[in-house]
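Taken in sequence, the protein lines are chains V and W.
First residue of the first sequence? That's 7 in this note's numbering, and the numbers climb one at a time after it.
First residue of the second sequence? That's 7 in this note's numbering, and the numbers climb one at a time after it.
Hints in this document: simulated from the structure, not taken from any laboratory.
Values in this document were obtained by computation on a predicted structure and should not be read as measured data.
Treat the hints with care, as some may be off.
Label-pair distances were calculated between CB atoms; the ranges are [unchecked claim]:
#1 446/W x 265/V: 34 to 44 Å
#2 374/W x 321/V: 45 to 55 Å
#3 675/W x 48/V: 42 to 52 Å
#4 273/W x 335/V: 51 to 61 Å
#5 415/W x 317/V: 34 to 44 Å
#6 321/V x 446/W: 26 to 36 Å
No farther apart than 30 Å at their CA atoms in a straight line, the calculated lysine-lysine pairs in the DSS-like style are these [to be verified]:
#7 550/V x 302/W
#8 685/V x 685/W
#9 549/V x 549/W
#10 411/V x 764/W
#11 717/V x 717/W
#12 297/V x 47/V
#13 302/V x 325/V
#14 769/W x 122/V
#15 549/V x 769/W
#16 550/W x 769/V
#17 717/V x 550/W
#18 764/W x 764/V
#19 302/W x 277/V
#20 121/W x 549/V
For every residue, glycine included, the Cβ atom is placed at its ideal position computed from N, Cα and C.
As a plain string of letters, each chain reads:
There are 2 protein chains.
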Amino acid sequence: MNKPLSTDLIQKMDAYWRAANYLSVGQIYLFDNPLLRRPLKIEHVKPRLLGHWGTTPGLNFIYVHLNRVIKKHDLDVIYVTGPGHGGPGLVANTYLEGTYSEVYPEISQDEVGMKKLFTQFSFPGGIPSHVAAETPGSINEGGELGYCLSHAYGAAFDNPDLLVTCVVGDGEAETAPLATSWHSNKFLNPVHDGAVLPILHLNGYKIAGPTVLARIPRDELESLFRGYGYTPHFVEGDDPMEMHQLMAATLDTVIASIRDIQRDARANGFKQRPLWPMIILRSPKGWTGPKEVDGKRTEGTYRSHQVPMGDMSHPGHVKILEEWLESYRPRELFDESGRLRPELADLAPRGARRMGANPHANGGLLLADLTLPDFRDYAVTIPKPGSVIAEATRIQGELIRDVVKLNPETFRVFSPDETASNRWGAVFEVTNRCSTAEIVPGDDHVAPDGRVMEVLSEHQCEGWLEGYLLTGRHGFFSCYEAFIHIIDSMFNQHAKWLDVASHVPWRRPIASLNYLLSSHVWRQDHNGFSHQDPGFIDHVMSKKAEVIRVYLPPDANSLLSVTDHCLRSRNYVNVIVAGKQPSPQWLDMDAAIAHCTRGLGIWEWASSDDGGEPDVVMACAGDVPTMETLAAVELLRQHFPTLKIRVVNVVDLMTLQSQSQHPHGISDEEFDALFTRDKPIIFAYHGYPILIHRLTYRRTNHHNLHVHGFKEEGTTTTPFDMVVLNELDRFHLARAVLDRVPGLGPGVATFQKFIEGKLSDHKRHIRQHGEDMPEIRNWKWGVNEG
Amino acid sequence: MNKPLSTDLIQKMDAYWRAANYLSVGQIYLFDNPLLRRPLKIEHVKPRLLGHWGTTPGLNFIYVHLNRVIKKHDLDVIYVTGPGHGGPGLVANTYLEGTYSEVYPEISQDEVGMKKLFTQFSFPGGIPSHVAAETPGSINEGGELGYCLSHAYGAAFDNPDLLVTCVVGDGEAETAPLATSWHSNKFLNPVHDGAVLPILHLNGYKIAGPTVLARIPRDELESLFRGYGYTPHFVEGDDPMEMHQLMAATLDTVIASIRDIQRDARANGFKQRPLWPMIILRSPKGWTGPKEVDGKRTEGTYRSHQVPMGDMSHPGHVKILEEWLESYRPRELFDESGRLRPELADLAPRGARRMGANPHANGGLLLADLTLPDFRDYAVTIPKPGSVIAEATRIQGELIRDVVKLNPETFRVFSPDETASNRWGAVFEVTNRCSTAEIVPGDDHVAPDGRVMEVLSEHQCEGWLEGYLLTGRHGFFSCYEAFIHIIDSMFNQHAKWLDVASHVPWRRPIASLNYLLSSHVWRQDHNGFSHQDPGFIDHVMSKKAEVIRVYLPPDANSLLSVTDHCLRSRNYVNVIVAGKQPSPQWLDMDAAIAHCTRGLGIWEWASSDDGGEPDVVMACAGDVPTMETLAAVELLRQHFPTLKIRVVNVVDLMTLQSQSQHPHGISDEEFDALFTRDKPIIFAYHGYPILIHRLTYRRTNHHNLHVHGFKEEGTTTTPFDMVVLNELDRFHLARAVLDRVPGLGPGVATFQKFIEGKLSDHKRHIRQHGEDMPEIRNWKWGVNEG
């Protein structure tokens, strides 16, 4: 075996590793006596023992070895910790290298600081047990597993000098998102992207059960990773000294291989997808921990997963802990003051080369504003409301095209193969779909340097984008509305990260995560029920108001205005829902800007209340509901010329909430001024009606609010039939007005009959012809033209 | 090459395939003239062309070849269609074999029926464009991709004679759930499970972009599947006659291999995980479709994905369509009446061997009631409310253990490695974790015939369980509450399936999908914010009330009662949220049964309104909120002996809705009787407060409702601090009463001070000691004992 480490260096590296392990065990167990200056007693131990030991020594082992190669080659490396439950390890290492005390000065590099370091871990008012936003050097919360490798690739895109090491636990490797994320190597271009070094860490067990990848034969394991397109390198064993030499030799090999790949591609251009190296590290779970506790084997088993000795009142457990801690020989590691001895501290890289201090892991530090074109330049000319038909997302796609063009290194779009389907085809005028796999003649806009990241996995798109944003860049995720639920849980975790990070003083704001949800519930009539679900908006509402924004622009110009706003924003999740089908356009650009700035407002041109008190408020949010509302208004105005209708359109859904609930919420006075204190409100809403109730239930006039929206009546039918099935169509909306406004006179019965007739004409027509009646398909707002 | 098909047979099989392709194209395009008796005209074509041609000919090809081996070996086969967008293919085949006309007699096997078959497809009032619940033989809705292989394995468990063929599209193969589901073979036991034959269908393109697996070298592809533990067999080409021979030879080989594996395991017992065969079928997208349209290559490209000629008004398109249809030589396939010629019809299997008629794909037909023990036998003895401490899910685990024992072939439990963590350890007294991968000494209850399905993938657990249920068996999914969001979207699709299936007359009800959500938001204080999310309940509420049930049993006996109820139910999704920590027990078994039967009710023993009108209603739902409410009641009763408090506990959340919204909803009269018409209600709720508002916003006394619940204030801290941070603790609840009930007299100021003192004592204590004050940890309900 190749032994690259000198006797001196291996001793020092092992000591450094022992120091990290000592600090990790200390964090899990110790309340006091951090340097074991006195014999360990039960009162030195925390009353509640929380944390995960099992994965930690392996994470520490990798860290010290990465430190060596960073120093040796002056590498720019971040460390993505898949098994984020091993929080103590990352905290320990960033403490040893000095980063931790720089960002948290009270955790000083001495005995007092070490005591605080130990106490704060998983302690009220302290730090979480996982690698989290509070942990320097992290871009991956290690609580919910599955996303580390997608994050790692997202971080590497457009970061040519960055090496992203990503430890994948064998538990996490069983998750669905992780299993597909190995294929990210088909989207990484060595010319202008950095490298990802995946380290699959096999320690054999999850919480209780064995892991799949630790229990397949080595030839299958090797085949699997060759099949994924990697060259696997095995580092297996349990003897520390042998493992140090093996890991060092392997790292030397893979670093050389990565540099070769990059050198070749950058000198000669991209020729073919390289076989990137990856490491399979097999080490015992809870390595160096107690061999046995209460007669049961512990090191190397699932019993090391969390806290090997949970009950410290058990006779002998304090002794085991003391021997365990002493096995690391702390007095060799820390000087009298409690500081890491200088010859060991010298093993860590300096300054921003320390993985805890690498600015890529605090992306806001590197974030630059996008170069944005003037969104007004893309405006659809609207001589009169409703007089022009356009496809909103196609117009938006032209803006996005130029954002791609103007920001060739800091902006990408992500989609599960729906960029063209969602009508962003214009981006292919300036870039391509990205693929470093084989490209064959006839492929449509596919190239190894494409900036449109398409893979049929919402998880991958989301994970890549999160990694890209967290390292200080910008992006947009375009998705079918129904299937964005696939990443509900990833959204949860990202929103929680943003929430926590915004309270971590040294973290800088990052670009917002922007979603375009198109091919939405009302225009998935051809794909049917499985493709019809507007509930993502409801889902995002559960997260902190500070990080959530939801927009339902009614037309192309308002979509442009909202898009520009989102691209400039920071630390939010922006959800934009907009249709891709040809639809009437309502607002010229000035009107759109004014409307979007306010977030909601009265459309005087459609109203008949002449600025006075109306008989009824017809509110709408979303493109299809807006069209149906205006069609209903037109019918009502034709049949009841004296009826005073006020039309209110809502773009920014958050305005409906009270100011105490959301910073965008309008005051109760404003709300009353728009929606009246006592008149019926017929609200046509894009999604599940209950959301509008939930947003407004504390408003004065809530008891007069009648919301029409998606009632989970979906199928394969015509677009207009979809709204009819859910009573969101013009006829049902008009009828709702009749039902709620008294004193409309004798015309009511006639109009009711007229509506019945139209609805049965509609049913008959679609059954016969398979498409909507011409008067529906060709409808245009025209009451103002008459 | 081995050529197993005689000239006669290959001709017939090819003709059968052409018939299926003809019927598929007909469904997508034709409105009339189904047998092309007249020259094709634009008016014979549907006005809206919807559907997915690209994947369909491949699906049809596989179908006819499976028919051959089913007949040859009398196999029991179901066909799981991953690329479910190819709906026309499955409809065509089930029509050809006669199943379709049996379940839909109006779609007769003649020209009239064929016209209806064509017209109904993707047509208002007709059938969806995907394989769906309406499609005979299906257990997998093909709209949202990713779940077919998990469904297939779920179907195969405990079905020793069943062969589940599962076509995986190369688009779907990119999804996260699909990527991990290949590893399901480590959980399939040839002794008592059936076989799964995965067929990876490489046709090269998704909607627009190329697929990953079609663009890696063949040696990588082969390595990948060897790494996944399969023996891959390649069937590649585009010449139909060559492909028929190749596919037939390959199917003969893999069927023989499957039978060998099964014979060996059943004769000699399970020795080691076999290398199951799988097929990689590479065929052109839109195979046999138009080679070129408008000068652009179409067959074999992404342009064949949906409708190759979308605009039929384009000159020449009708001609292309006619030539395309004629290329299948329909007059050779169908007789004068429009019926498939008998010598071709004879190729299909008979009766229940037809894949469209296989009862496993209509699981309700095979469903038998579980043999259930009497849940009362597991009751915790409760001499007085609050006098006993127990772990609710541990008690439930004893019941589950005996359900496993009594139903050794029809009940399994599924969990992402959390069975023991969620305190169902008792099940390991009678069974083990399932693994057919390597098992080593020291593994904890792992065996190849275990009935506890643990894999660290919520997607896999959900998919397996859905497949198991859809084929007529029973199961339970136990999961950490926060991470069940990972399968939000799978839940959506299953709930939609149940909704649709309940309206398909020939589908029989299946067992409900039961979730135990434990390790819930209030007891993930040690793992922290990423593990704290009670929002799954909110998510499920968006689906049809008919299929959704949510239970929050406050203690062990009520959990037993609810569990028994759920195990007997059909066609629902039952969500049970229950804690695993030692907690006070409130109801003896009789009281628990009465309470759960009603779903909510007054707890007289805790109330001080003596059955009269109270001053305040203190309502609670969930175990921790119930405990905090009772502790608050105790404090209030001690300090304000004359205050009339009514305690209402809610087990079945759906009772809060009005009867028009949910079948479990109580009447407004009942609601008013419980919650009063005008008294303040302080409601302590397990999850996000808004849900209680959403359920009750139409109730009389809603404006007096004040809900305390999770406000997204999470971290690593003590259990009691978690409730304090969210103002769900006894002190904040008691203070909320003071704030809302007037006339409590001079004691109010003293009590306010007392509360302030307690809250600051708490903060100080946890910062010093890291655990809750003894008075909190040791609190017991005792007011009735004094």
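Now for the hints, and whether the structure bears them out:
Separated by about 39 Å at the C-beta atoms, residue 446/W and residue 265/V satisfy the suggested range of 34 to 44 Å. At about 52 Å, the beta-carbon gap between residue 374/W and residue 321/V stays in the expected band of 45 to 55 Å. In this structure the hint that residue 675/W and residue 48/V lie 42 to 52 Å apart at CB is violated, the actual value being about 60 Å. Between residue 273/W and residue 335/V the CB atoms are about 58 Å apart, so this pair conforms to the stated range of 51 to 61 Å.
The supplied range of 34 to 44 Å is met by residue 415/W and residue 317/V, whose beta-carbon atoms lie about 40 Å from each other. Between residue 321/V and residue 446/W the Cβ separation comes to about 30 Å, which falls inside the hinted range of 26 to 36 Å. Taking the CA atoms of residue 550/V and residue 302/W, the gap is near 50 Å; set against the 30 Å cutoff, the hint is violated. Simply put, residue 685/V and residue 685/W have alpha-carbon atoms about 27 Å apart, close enough for the 30 Å limit, and the pair holds.
Only pairs whose Cα atoms come within 30 Å are accepted, and residue 549/V paired with residue 549/W is accepted, the gap being roughly 21 Å. Of the pairs offered as hints, the one joining residue 411/V and residue 764/W is violated, with about 60 Å between alpha carbons and a cut-off of 30 Å exceeded. At most 30 Å may separate the alpha-carbon atoms for a hinted pair to count; residue 717/V and residue 717/W meet this at roughly 28 Å. Proposed proximity of residue 297/V and residue 47/V is supported: the alpha carbons are some 21 Å apart, at most 30 Å.
With a CA separation close to 16 Å, the supplied pair residue 302/V and residue 325/V stays within the 30 Å bound. Among the hinted pairs, residue 769/W with residue 122/V is consistent with the structure: their alpha-carbon atoms are about 18 Å apart, no more than 30 Å. Straight-line distance between C-alpha atoms of residue 549/V and residue 769/W comes to about 26 Å, which keeps the hinted pair within the 30 Å bound. Straight-line distance between C-alpha atoms of residue 550/W and residue 769/V comes to about 24 Å, which keeps the hinted pair within the 30 Å bound.
Only pairs whose Cα atoms come within 30 Å are accepted, and residue 717/V paired with residue 550/W is accepted, the gap being roughly 8 Å. A hinted pair counts as satisfied when its Cα atoms are at most 30 Å apart, and residue 764/W with residue 764/V does not qualify at roughly 66 Å. About 28 Å separates the Cα atoms of residue 302/W and residue 277/V, which keeps this hinted pair within 30 Å; it holds. Annotation: proposed proximity of residue 121/W to residue 549/V is violated, straight-line Cα distance about 51 Å (limit 30 Å).
The structure shown violates the earlier hints numbered 3, 7, 10, 18, 20.
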